[in-house]
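Put chains A and Y on the given structure of chain W with help from the hints.
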Amino acid sequence: MSQIEDKLATLGITLPDAQDAPKAAGNYAPFVQSGNLVYVSGQISRHPDDSPMVGKLGATFSVEDGAAAARTCAIQLLMQAKIACGGDLDRLQKVVKLTGFVNSTPDFTDQPKVINGCSDLLVEILGDVGRHARSAVSAPSLPLGVAVEIEGIFEIS
Amino acid sequence: MSQIEDKLATLGITLPDAQDAPKAAGNYAPFVQSGNLVYVSGQISRHPDDSPMVGKLGATFSVEDGAAAARTCAIQLLMQAKIACGGDLDRLQKVVKLTGFVNSTPDFTDQPKVINGCSDLLVEILGDVGRHARSAVSAPSLPLGVAVEIEGIFEIS
Amino acid sequence: MSQIEDKLATLGITLPDAQDAPKAAGNYAPFVQSGNLVYVSGQISRHPDDSPMVGKLGATFSVEDGAAAARTCAIQLLMQAKIACGGDLDRLQKVVKLTGFVNSTPDFTDQPKVINGCSDLLVEILGDVGRHARSAVSAPSLPLGVAVEIEGIFEIS
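Residue numbers (the numbering used here), protein chains in the order written: chain W, 1 to 157; chain A, 1 to 157; chain Y, 1 to 157.
Chain W on its own, in the form it takes in the complex:
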């Protein structure tokens, strides 16, 4: 087990095996590698049983709910990164960039606090390797009605 998964384990997080990873909802791939960059498809917020975590910030979801939703995206991004690394997350060199989309009402203004749920976990687990560039914006709606969708670019060795 990699050092990174050791840290995940101390937080009670176990990454699912590759065969249990959520499937792409269409004719595309969960991630594509070009050079040493891995582009991971948008990961939607999910409950522990993999069902979509549905909610709208400014309406049915508090900022804390949203941050918890973003945290589930972080776990899925790490899971895809692990598969891209052939199972060895110690090959992860850098989280380069995240783009976070928050399902919200038009008057919601705390997108950064929501996406922090993802950023904070990545930095907690990965340290400086996890400190990424980021955009956080709202969307009027997201696939299946989920609260958060986050895509990522990772540099691997």
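It is worth saying that the hints were derived from the structure and are not from the lab.
The beta-carbon is built from N, C-alpha and C at its ideal position, and this holds for glycine as well.
Certain hints may be false.
As the list claims (entries may be wrong) - Here are some chain A residues pointing at chain W (derived, C-beta under 7 Å): (1) P106; (2) R134; (3) V137.
Here is chains A and Y on its own, set in the frame of chain W:
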């Protein structure tokens, strides 16, 4: 004519010549290359006569209408990729990443089925080369009121 | 002072020192470099005193207001690029890609004219080096209620 354009022809699709490609709607470029990656600007859904394909999912456009709109974005992305390849699409190595924006009402949740209109065509034409990472999200509105806007990253040789 | 900052000076624009750059609103970095690409986090529109420039296109902000807001994002993107270049903007090789998010009502359709406020300044200052690929879309809301958020990818030497 490249093998890829042969396949396009069997679907009745002819890529316009470079000089007939839609112009950028501002002080920017239709695409920029850095290393072997080509970043193609957001392509808006268009009718065969190049006029904008206006619509809103959840209101005036069905999922099928939206998928057809996304398909027109795929053709324009391929056209820009062809220009980036100096006219020879066989130099296209990989569709790396798409980001698809769907003009929709706040209660619309089928963004993936809409953007599939683009993804399906790319995979049909390009096979595994066309299997990309992807995000699909809603926007409350898009340029000129179009139904779909999709940007892409392509790896070329 | 670099040639680029000379041009900025002729427009009355002075880039702030690195220590005065706006801080990231969370556990992330203002930019991350991978290879010779610098990914700059989404920069929100700001007044000269750094307070957020709040507004909504189609409601409280005209297209001209929005373009002025986007111009402030351009200055901040350049400032981050300067820091990434170790203070020497002449190392900037190319503005590769911008993604511009416009805080707007659902009936607003002039996103490109708004984001032109950023694109025009970059091309005015940088010439062909500044001519980037771009997407311009709406968001129903943005962090702190700002009118515009723009992220960028820059190639440096």
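Discussion item. Please check whether P106(A) passes as an interface residue: C-beta within 7 Å of a C-beta belonging to chain W.
Written reply: 4 Å, holds
Worksheet item: Going by Cβ atoms only, is R134(A) closer than 7 Å to chain W?
Response: Hint on R134(A): holds, closest Cβ of chain W at ~4 Å, below 7 Å.
Fill in: Evaluation of the interface hint that places V137(A) against chain W, nearest CB under 7 Å
With a closest approach of 5 Å, the V137(A) hint holds.
Figure legend: structure checked against the earlier numbered hints; every hint is met.
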